[in-house]
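K.L.:
Sequence:
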Amino acid sequence: MDRYILFLPLFGLVDVQRRFLTCQNVVQCQVVFSVIFLCIFHGILCYLTIPTYGFVGAVWCNIISTLLYVLALHFYIMFFQPHLPQTFQCFECIYVYMYIYVHIYISWTWKYAIRWKEDVGSNMVPTQLELTSPQSNGPLHSEEEGEDEEEEEAQGEEEEEEEERERENDKHSKDKDKDKTGLNSTKTTTITTDELEKSFVLEKFVGMKGYTILALAGIGTQCNEWWSWEANALLVGLLGTNVLAAHSIYILVVTFAFMLPFGFSTALSARLGHLIGSQQYRLAKQVAICGWCVPLFTTSTITVTIFVARHQIARLFTPDPAVISISESVAPFAAIFILFDAYQGIAQGILRGLSLQTKAVE
Numbered sequence: 001m002d003r004y005i006l007f008l009p010l011f012g013l014v015d016v017q018r019r020f021l022t023c024q025n026v027v028q029c030q031v032v033f034s035v036i037f038l039c040i041f042h043g044i045l046c047y048l049t050i051p052t053y054g055f056v057g058a059v060w061c062n063i064i065s066t067l068l069y070v071l072a073l074h075f076y077i078m079f080f081q082p083h084l085p086q087t088f089q090c091f092e093c094i095y096v097y098m099y100i101y102v103h104i105y106i107s108w109t110w111k112y113a114i115r116w117k118e119d120v121g122s123n124m125v126p127t128q129l130e131l132t133s134p135q136s137n138g139p140l141h142s143e144e145e146g147e148d149e150e151e152e153e154a155q156g157e158e159e160e161e162e163e164e165r166e167r168e169n170d171k172h173s174k175d176k177d178k179d180k181t182g183l184n185s186t187k188t189t190t191i192t193t194d195e196l197e198k199s200f201v202l203e204k205f206v207g208m209k210g211y212t213i214l215a216l217a218g219i220g221t222q223c224n225e226w227w228s229w230e231a232n233a234l235l236v237g238l239l240g241t242n243v244l245a246a247h248s249i250y251i252l253v254v255t256f257a258f259m260l261p262f263g264f265s266t267a268l269s270a271r272l273g274h275l276i277g278s279q280q281y282r283l284a285k286q287v288a289i290c291g292w293c294v295p296l297f298t299t300s301t302i303t304v305t306i307f308v309a310r311h312q313i314a315r316l317f318t319p320d321p322a323v324i325s326i327s328e329s330v331a332p333f334a335a336i337f338i339l340f341d342a343y344q345g346i347a348q349g350i351l352r353g354l355s356l357q358t359k360a361v362e
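Under full-length UniProt numbering, read the sequence shown as residues 1 to 362, first letter to last.
Bear in mind the hints are in silico, worked out from the structure with no lab data behind them. Positions of the beta carbon are idealized from the N, C-alpha and C atoms, including for glycine. Check before you lean on any hint, since a few could be wrong.
Distance ranges between label pairs, derived from CB positions [said to hold, decoys possible]:
#, residue 1, residue 2, range
1, Glu163, Val32, 43 to 51 Å
2, Phe75, Ile336, 43 to 51 Å
3, Gly263, Ala231, 36 to 44 Å
Turn these sequences into a full structure, and let the hints steer you where they fit.
P.N.:
Rendered as structure tokens:
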């Protein structure tokens, strides 16, 4: 049990990476890395480890496979940068901050933030070399270049005029900003590095209240669902080992069947968020309607399969006749539950896409 504690932060990082990339329509890398590390590599590692080390080997296989998957996604994001730079600029340093090198992360982050404030400005401040006129660089003009001096002087004058206009535009824009904030436009102020860092921190935490509300609502939704499952498992354990074994069979079946609507739910929430943000409400409505139709063509097939092949499904897990008999009696209820569970998963995806996680908790 203590070894699974190492798995918890990795699971959190995997979820953060998936949500971050999925919201920006970056899913191909997730599919490729999941097939490589969570399917192929994990299967081979389990085949080589579990016969020798047993359950402990299975735990370490989960940890190693997930760690490699997290690192692969991390390096892909860091080097290829498929995300928009404005969404999360210091993404490549978050893991360093969470594990080691805290002081390096902090110093680098503030320097990066300062450069970011300069880069996003519409007008760049001219450097010292740009402010230097060609006349002050007399030694650079040789006698052999006398024919080109007039052209260079004309170009230099044009550049000086353009720089002068840019400085005037900067001055006017700064005066307007000062007037909006109630400052005197005739006074000149110098922005220090500390003030710039402070303003960046304030801008960084804008909207944290709404984000916190959505996060707590999402936590409440997931916790209510998983706690109900755990409570059922505890109560079923009081009914005997055979009942618990049959319950465990359909816990696995239901979890496997839910992966399909869960994937559609994640895609639906990201797609609806994009469409609502771009004010394409008609298309968003069509996407939501299509999302509601997904379980009719996917989960309904799984439901019919479970109902028809309930005996064969039970025999895949155990040869015990008592457990098989109980599993067959539970199969119709599990089949119906899977269909409704798929619809509630789709509904949660729609609510997340509309930023209505609080409704899901209710």
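K.L.:
Is 43 to 51 Å a correct range for the gap between the Cβ atoms of Phe75 and Ile336?
P.N.:
Taking Cβ atoms as reference, Phe75 and Ile336 lie about 45 Å apart, which means the hint holds.
K.L.:
Could you check the hint for me, namely that Glu163 and Val32 are 43 to 51 Å apart, CB to CB?
P.N.:
holds (49 Å)
K.L.:
May I ask you to test the hint 36 to 44 Å on the CB atoms belonging to Gly263 and Ala231?
P.N.:
violated (26 Å)
Checked against the numbered hints above, the structure violates only hint 3.
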